[in-house]
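Enquirer: Protein chains in written order, with the working numbering: chain A, 1 to 293; chain B, 1 to 228.
Any given hint might turn out to be false.
Which chain A residues face chain B? A few, computed with CB under 7 Å, are given here [as the list claims (entries may be wrong)]:
no., residue
1, LEU159
2, VAL161
3, ASN162
4, ALA194
5, VAL205
6, GLY206
7, GLU292
Read the hints as simulated data drawn from the structure, not as lab findings.
These numbers come from a predicted model, not from an experiment.
C-beta atoms are modelled at their ideal positions from N, C-alpha and C, and glycine is treated no differently.
As a plain string of letters, each chain reads:
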Amino acid sequence: MRFRYFFSETAQNVRRNLLMTVAAVSTVAISLLLLGGVQILGMIVKNMTLNWQAKVEVAVYLRDDITHGELQSLESQVTQLHEVAHVDYVSKQQAFNEFKQQFRTQPEFWQSLPPDSLPASLRVKLTDAKYAAGVAANLRGAPGVDDVRYGGEIIKRLLQVNSLLRTVTLVMSIILLVAAAALIANTIRLAIYARRDEIGIMKLVGATNWFIRIPFMLEGLFAALVGALISGGIVLSANSLLFTRMGKALPFLGPVFSFSRGDILGVLLILVSVGVGVGLVGSSMALRRFLEV
Amino acid sequence: MIRTTDVVKEYKGGVRALYDLTIEIEKGEFVFIVGPSGSGKSTFLKLLTKEEEPTAGKVYVAGKNLASLPGWRVPYLRRNVGCVFQDFKLLPNKTVFQNVAFALEVIGRPRDVVHRQVPQILELVGLGEKLDRFPDELSGGEQQRVSIARAFVNRPLILIADEPTGNLDPATSVGIMRLLDRINRTGTTVVMATHDHTIVDSMRRRVIELEDGQVVRDQSRGIYGVGT
């Protein structure tokens with residue numbers, strides 16, 4: 001009986017100021033969609049860096065006159081570094097073979113080269129791409145080392161752009177979330193105003209404060225939840241219609257646009273809980289300011 | 001049942017509504033609070049439901065010191081104090097039945113209780129045939145009866161009436177007073193603010209007269225006043 005009362009009151013409130021409720025719902029949806037975008041962007045960049053990081057290695061080119069002893073001590077020195085996951089020695093012959101393989105359709109590149117024209121090297125795989133610069137600096141100038149190269153710059157840029165993009169979107173979504181809370185508060189204010197006579201009598205006959213508040217709380221929660229479900233639905237359909245297809249159409253982007261079920265579920269969970277939070281904040285703002293009980 | 005000791009009530013801006021008010025009302029009494037407009041009658045009544053709080057002094061209702069009653073307990077106090085007003089305060093979009101039922105529903109009374117008690121109380125106030133009417137289809141006297149039914153349906157210990165006959169013609173007022181008298185006979189304490197001479201003089205109950213926020217007369221079986 002109580003629940004029936006609460007829900008019928010809430011339904012009546014929503015119907016009475018439908019337009020305001022629609023405005024609140026759509027603001028919640030849009031702001032949460034931005035928030036969802038931030039999350040997905042983060043996931044894309046994470047996938048990209050994972051993908052790249054797997055390929056990031058430091059190439060230590062060796063001098064042709066390196067002695068056996070120098071090579072051994074260099075190898076053990078590199079292996080001992082805790083940032084290093086794995087070291088491979090690539091001989092001159094192997095390097096030449098790889099080069100031939102890479103350019104097998106253009107034999108003129110290598111046909112005239114003597115097989116020992118490419119330097120031998122150590123290929124150093126790191127535990128994390130961010131150590132690349134440090135490891136490179138460490139090995140540069142070691143006995144027998146000719147040059148050290150690594151492909152970290154691109155990743156650095158990528159991470160910078162990503163963090164900028166995330167910050168901007170996050171700020172925008174927070175501003176919109178505040179607006180959404182204010183709109184919810186205003187919707188509830190109108191509902192309170194429309195029912196001021198009922199509220200007066202409820203106080204008069206001794207309805208408890210929570211009994212008076214709950215229908216309005218529910219209204220705010222309802223608006224926020226519908227907004228959250230809309231944004232969640234858009235995220236879900238974007239995932240299944242857009243990203244999955246893009247990954248299939250452009251195979252090299254496949255790993256970038258494939259998200260695990262858990263990741264997507266995590267995004268949905270964030271959207272719904274932030275939405276519910278916004279609804280609660282908006283409702284309590286309205287109740288505190290406009291419903292003196 | 002009701003006791004105030006040295007109550008002072010000042011509104012913002014230094015307007016003094018009540019001054020050194022000490023009143024004691026026993027259980028089952030019928031008390032008229034009389035006095036000109038602005039003498040503090042309504043303020044006194046509002047103290048009893050903690051709608052207003054005294055600037056100084058103490059207010060006891062049903063044995064409880066209202067100053068130490070926490071905010072969340074106030075609704076439970078109000079369930080023991082029924083209120084009737086000059087302007088009825090009925091909800092225009094609800095029927096007679098719904099108006100009275102509302103008072104029970106919002107304090108969480110179960111449906112079967114509501115459906116048993118509401119027709120009973122409306123029978124008591126003489127509106128047993130008009131359950132499905134809306135307030136604007138009723139006369140002023142009938143609307144006040146609905147409002148009394150709503151105040152009394154929960155069987156409060158105290159019934160407060162602030163000028164309940166203020167909007168009614170003398171003949172109708174007599175009917176309302178009979179009803180309040182009947183309610184009083186069930187053991188309910190009735191406190192009624194009024195400046196209706198005829199009613200006070202014909203009822204011959206206790207009269208407390210206020211002037212400028214002070215008690216100037218407290219008389220059992222009194223009349224409205226000499227020279228007014």
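Enquirer: Each hint should be assessed against the structure and marked as holding or not.
Expert: Status of each hint after checking the structure:
no. : hint   : result
1   : LEU159 : violated, 53 Å
2   : VAL161 : violated, 54 Å
3   : ASN162 : violated, 50 Å
4   : ALA194 : violated, 11 Å
5   : VAL205 : holds, 4 Å
6   : GLY206 : holds, 4 Å
7   : GLU292 : violated, 11 Å
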